[in-house]
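A.B. asks: One-letter residues, chain by chain:
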Amino acid sequence: MVANLGYATLVITFLVSIYGFVAAYLGVRRNSPALVDSARNAMLLTFPLLSITALSIIYLLVNGHFEVQYVTEVSSNSMPIYLRITALWGGQAGSLLFWSWLMSAFASAVTLRKWDRDREFLPWVILVSLVTLTFFLLLSIFVENPFVSFWQTPTGNITTAMFQPAGTTLFIPQDGNGLNPLLRHPGMIIHPPMLYLGFVSFVIPYAFAMAALITGRTDDRWIRITRRWTLVAWLFLSLGLVLGGRWAYDVLGWGGYWGWDPVEIAAFMPWLTGTAFLHSVMIQEKRGMLKQWNMLLIILTYDLVIFGTFLTRSGVLSSVHAFAQSAIGPLFFGFIGLTFVASLSLLSRRWNDLKSEVEISSWFSREALFLLNNLLFVGILIVCFWGVIFPVISEALGIVGQSIPALAGVFTGQKVTVGPPYYERATAPLFAGLLLLMGIAPLSAWKYSTFKTIGRAAWKPFGASLLVVVALLLVGLRSWPALLGYWLCAFVAFVIIYEFWRNAWSRHNARDENLLLALWQLAGKNRRRYGGFIIHLGVVLMALGIIGIELFQTETQGTIPQGGEISLGQYTIRFDSLSVFDTADGRNVARAVVSVYKDGKYVGELHPRRDYYYESQQPMTLAGVRSTMEDDLYVLLVDWQPLSTAAATFKIYHNPLVNWLWLGGFVFVLGTLVAAWPAKEPEMLVASRSVPEASKA
Amino acid sequence: MKIKRYLFGIMLTLLLGLLVAGAVSAQQPTPSDDQVNAIAKQLYCPVCENIPLDVCPTTACAQWRELIRQKLADGWTEQQIKDYFVQQYGARVLGTPPPKGINWLVYLVPPVAILAGAYVLYHAFSAWKRPIQKDNLQPTTTEPPAETDPSQDEYIHRLEEEVRKR
Chain X
1 MVANLGYATL VITFLVSIYG FVAAYLGVRR NSPALVDSAR NAMLLTFPLL
51 SITALSIIYL LVNGHFEVQY VTEVSSNSMP IYLRITALWG GQAGSLLFWS
101 WLMSAFASAV TLRKWDRDRE FLPWVILVSL VTLTFFLLLS IFVENPFVSF
151 WQTPTGNITT AMFQPAGTTL FIPQDGNGLN PLLRHPGMII HPPMLYLGFV
201 SFVIPYAFAM AALITGRTDD RWIRITRRWT LVAWLFLSLG LVLGGRWAYD
251 VLGWGGYWGW DPVEIAAFMP WLTGTAFLHS VMIQEKRGML KQWNMLLIIL
301 TYDLVIFGTF LTRSGVLSSV HAFAQSAIGP LFFGFIGLTF VASLSLLSRR
351 WNDLKSEVEI SSWFSREALF LLNNLLFVGI LIVCFWGVIF PVISEALGIV
401 GQSIPALAGV FTGQKVTVGP PYYERATAPL FAGLLLLMGI APLSAWKYST
451 FKTIGRAAWK PFGASLLVVV ALLLVGLRSW PALLGYWLCA FVAFVIIYEF
501 WRNAWSRHNA RDENLLLALW QLAGKNRRRY GGFIIHLGVV LMALGIIGIE
551 LFQTETQGTI PQGGEISLGQ YTIRFDSLSV FDTADGRNVA RAVVSVYKDG
601 KYVGELHPRR DYYYESQQPM TLAGVRSTME DDLYVLLVDW QPLSTAAATF
651 KIYHNPLVNW LWLGGFVFVL GTLVAAWPAK EPEMLVASRS VPEASKA
Chain Z
1 MKIKRYLFGI MLTLLLGLLV AGAVSAQQPT PSDDQVNAIA KQLYCPVCEN
51 IPLDVCPTTA CAQWRELIRQ KLADGWTEQQ IKDYFVQQYG ARVLGTPPPK
101 GINWLVYLVP PVAILAGAYV LYHAFSAWKR PIQKDNLQPT TTEPPAETDP
151 SQDEYIHRLE EEVRKR
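Residue numbers (our numbering), protein chains in the order written: chain X, 1 to 697; chain Z, 1 to 166.
Read the hints as simulated data drawn from the structure, not as lab findings.
For glycine and all other residues, C-beta sits at the position ideal for the given N, C-alpha and C.
There's no promise every hint is true.
[What the hints assert, rightly or not] Using 27 Å as the maximum straight-line C-alpha spacing, the simulated DSSO-like pairs for lysine-lysine come out as follows:
| no. | chain 1 | residue 1 | chain 2 | residue 2 |
| --- | --- | --- | --- | --- |
| 1 | X | Lys415 | Z | Lys41 |
| 2 | Z | Lys100 | Z | Lys41 |
| 3 | X | Lys415 | Z | Lys82 |
[What the hints assert, rightly or not] These stretches of chain X come out as covered by chain Z in the derived footprint (C-beta under 8 Å, 3 or more residues):
| no. | region |
| --- | --- |
| 4 | 257 to 269 |
| 5 | 371 to 384 |
| 6 | 396 to 410 |
| 7 | 420 to 426 |
| 8 | 555 to 563 |
Using the sequences plus the hints, can you model the full thing?
C.D. replies: If you want it as structure tokens, here you go:
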């Protein structure tokens, strides 16, 4: 009953979406505002309709309706309620529907804005948003239907179908398989919604960009309208990435936060183009330049969002053959191709209208440095994109080697792995370049700057950063990549502090405000600039942590008897005891107690453990972690003697400075919130404006 | 007699030492876990997707790690062990594709694309860049506007923006 209700509203939403974009199109063609309004209402309706669908699945999950295949796959009787709710995005069918639900929320929200000044954009924004939504709904209805149920034939065979096949009865399993244990972590509960919110909210700026191209209103209006949408999208995507890193660190049991896995890269790629876009739109706003490039970046971001979902949902990453086994891969592939070609043809139609009104006047101007920043972001994107698709291409091209024996040695068709060493070597110099630009660009001026003018502004932070390098050399640091990295971090941090300081000082002198108030007022008046500085500061903190763990992580592994010890650097752990027991929620838990000593001094106790989930027959390794801002001691229980528990194998990682990464993530998000926070109304500024002392004089 | 006792003491110590050593070697197999992991870290699980062999929790991977230990104990070098795994399970067990055949593309395409981008950017800069008339320049440093009111600038900027919007 509830499954049928959910499915019915899903189909109705699909039909409403199709009606919406057709009505929007006809509304323009026939010049009928009534049709456009009707399309707008249709878009508004998608969210309540899909809410019924999503709530239906949640109801089925919470109440253990295991006759529904999806419910059996991702939930079980022993799971607590909150996990049953979050199981909505724990499997393929549910997560696709969740994508559509969030998309409909953003699409509905955009209809509620004031359209008085941008009426001509409305039908096209509706069309683009609803075409995207329709595509995802199509997947949910025809390929990955989350409401499909189990049916039993008279011969006892179990089959799955949405509606009861003739001669069958409903089959209700006693229990479900339960959610993958790796997904039962708080980080994983919040991480996918954040990522998906980031993904879907980038559809809105893209829709406005397409509307601008179609209508020919190619000034910066669409950028001004979508500025906050883009920042919000970027905020969610950044949050999703940071939370994903934290989840990996806590749950995956390899002592790291980022493994350059294709699934991670899939989410990282739209973030890269989104970040490049956020920087380059400023050039268009300030100087009226790069209109074509901005269009290209938002098109890329949109298609990378779809491509990211495609990579993780099509099975193409496991094998090129898995791609063809389900209709979902080819459908995604077709949709990406179609939207990309359509967007590019629209762009080419308006290419001449989008030509710059002004030109770059100096190599060191801020716009020139921003362009360089864009090159580096796109460079990292190329490395990532190529690294992700190369194994698929290499495997697919095996057919050439098979057809032409002479080329068999070149096109082997062998599946290859493109792993972290490739990405780390290729992207490290590009990231270093970005850090350097992060230090220089805020000191440059729009239109015209020279090496001399930047040097004049940068010498103080530069000098201070060199002192940091000297201090690091004095304490014995000899790794040149670390010295370079920490110098860059110090330089950027000092530039930001210096900028804050001199602007606040200037206001303090001009207005006789205390420094803190002056800083607060400044940040309030130019939130984007100061929010940007805070974001940069967050990046610096994250870089500290990344350099720490990437260059100085150490590890050891050993088997020790009870009372035995293993040492790693300053730390020694002593194996005190191990207990193995079953829990009420269907786990077998092996929990060790180890004492931690630092330089021979007892500093605490850790409890590394291994949970084995009976339902899904999957183990989960949970590290015992001693966390400080200096370092993490990350202890894993790898193995133990099953009967006596008298000896156990531990793997220990020493992760220096890793917590700066999480702190940096927090500062980063804070900065984005500052930048995206709505500014005060201009009228308010008029009322509160006073004549400064300097101008009185 | 004293010598006999002395010799007995030495023998006993040696025997105990051997026993202890035996016990230790039973706990810490040779080669050590760290030696095995140093090689396993560079290899990828042939079964699981994108998981390095040193951290893969599956039984199959534990067996492969034991295989590395055995090969090390037999005197194989790191390269020989890696070659053995490639021969058995294909090039996918390596963290990066071996540079031969079509695999060269993985290393060549990104730098060529980035250099091409840099070249395009350089040409675009050169084409855009015009000689600047010094009189037309804005203030070129980012000195704080001590003599002006920031809120006034902001106000003018907003006014301009509002006018443009209408």
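A.B. asks: Each hint: holds or not?
C.D. replies: Against the structure, the hints come out as follows:
1. Distance check on the hinted pair: lysine 415(X) and lysine 41(Z) sit about 19 Å apart at the alpha-carbon level, within 27 Å; holds.
2. Restraint check: the Cα-Cα separation between lysine 100(Z) and lysine 41(Z) comes to about 22 Å, which is no more than 27 Å; the hinted pair holds.
3. For the given pair, lysine 415(X) sits about 17 Å from lysine 82(Z) by alpha-carbon distance, which is consistent with the 27 Å threshold.
4. Proximity of the region 257 to 269 of chain X to chain Z, defined as three or more residues with a beta carbon under 8 Å from a beta carbon of that chain, is established by the 3 residues found.
5. Residue count for the region 371 to 384 of chain X with a Cβ under 8 Å from a Cβ of chain Z: 7. That meets the three needed, and the coverage hint holds.
6. Interface restraint, the region 396 to 410 of chain X with chain Z: holds (3 residues with C-beta to C-beta distance below 8 Å; minimum three).
7. Residue count for the region 420 to 426 of chain X with a Cβ under 8 Å from a Cβ of chain Z: 4. That meets the three needed, and the coverage hint holds.
8. Residue count for the region 555 to 563 of chain X with a Cβ under 8 Å from a Cβ of chain Z: 7. That meets the three needed, and the coverage hint holds.
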